[in-house]
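Enquirer: Generate coordinates for the entire structure from the input sequences, incorporating the hints supplied.
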Amino acid sequence: MTDERVRLWEPEDGFAWAEGTMRLLGRLTGASNGTFLVEVTDEEGTARRCIHKPVAGERPLWDFPTGTLAEREVASARLSARAGFDVVPPTTLVDGPFGMGMLQQWIDADRLEQWVRIDPPGRTPPGWFAILEGVDGDDNDVVLAHADHEALRRIALFDAIINNSDRKGYHLLPVSAESGEHSMTRVWGVDHGVTWHQDDKLRTILWGWAGEPLRDDEIGLVTLADEVIDGLDDLISADEVTAAHRRCERLLEDGMPLPSDDWPSIPWPPL
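Just so you know, we're using the working numbering here: the sequence shown kicks off at 45 and counts up by one.
It is worth saying that the hints were derived from the structure and are not from the lab. All values derive from a computational prediction rather than experimental measurement. Glycine residues also receive a C-beta, built at the ideal position from the N, C-alpha and C atoms. Hints may be right or wrong, so weigh each one.
Here are the computed lysine to aspartate or glutamate pairs in the EDC-like style, where the Cα-Cα straight-line distance is at most 20 Å [stated by the list, open to error]:
1) Lys245 to Asp298
2) Lys245 to Asp154
3) Lys212 to Asp298
Restraint ranges, calculated between C-beta atoms of paired labels, are given here [what the hints assert, rightly or not]:
4) Pro308 to Gly111: 18 to 26 Å
5) Pro313 to Thr85: 34 to 42 Å
6) Met144 to Asp107: 21 to 29 Å
Expert: Now the structure itself:
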């Protein structure tokens, strides 16, 4: 595919340009919806790799309105940026060669094993939460665990607000960076299409802090998120905005959510 002109529908946080060109680099064949790796060059000549998910490539779902997943991804990124979570890569809507869709900055991630692991029963180390027991492909008993780490807890809180129904392990992208004399790691979250539903649908592997009260900094994040949500009404429905406000209220009152008895609490596959 040759370079094609693209236009942002609305400049978003992290995407301040209006028009550019897009070159198709490849397709992520393991994705359930049409997902493409592209290179986008903006008006000033800056090129960046991105993930592009056209609305035309979205698979219809029984519980989400058809053709809305791209807007839900942008709503999640907007909340992340404007409420101070900073856990979603820059994301916007773009009109490109495949029609309207989501465009998100590509993240070169480190290995996930430092955050999510599978152990034999009884072998989960200190500093980890054992979340799920099951069997592997060889019929061996295993335990899925995630690290007790601030970066993951922030994503778990963020997911509770956006009602994420698909927080799999490989939707977590850790990135190491040098800061002065120290190495630090942040974790990005991706794949936020099945979010913001008005019914409670939280499915995640990050249940390690279930039922814990919010800390002061987390109360601040949720309070600011509650203020930002009204600015998402161009991307999600009025009922979904109202439901998001209710989730913020519950978080402030009850702390981190507990798994539901009415809805599967773990996505499948969990990784």
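Enquirer: Could you run down the list of hints and mark each one as holding or not?
Expert: Okay, the hints, checked on the actual structure:
Annotation: proposed proximity of lysine 245 to aspartate 298 holds, straight-line Cα distance about 18 Å (limit 20 Å). The hinted pair formed by lysine 245 and aspartate 154 fails the criterion: a straight-line CA distance of about 29 Å is larger than 20 Å. A threshold of 20 Å between alpha carbons decides the hint, and for lysine 212 with aspartate 298 the separation of about 24 Å lies outside it, so the pair is violated. Under the hint 18 to 26 Å, the C-beta atoms of proline 308 and glycine 111, about 25 Å apart, fit the expected range.
Judged by the Cβ atoms, the range 34 to 42 Å given for proline 313 and threonine 85 holds: they are separated by roughly 36 Å. The supplied range of 21 to 29 Å is met by methionine 144 and aspartate 107, whose beta-carbon atoms lie about 22 Å from each other.
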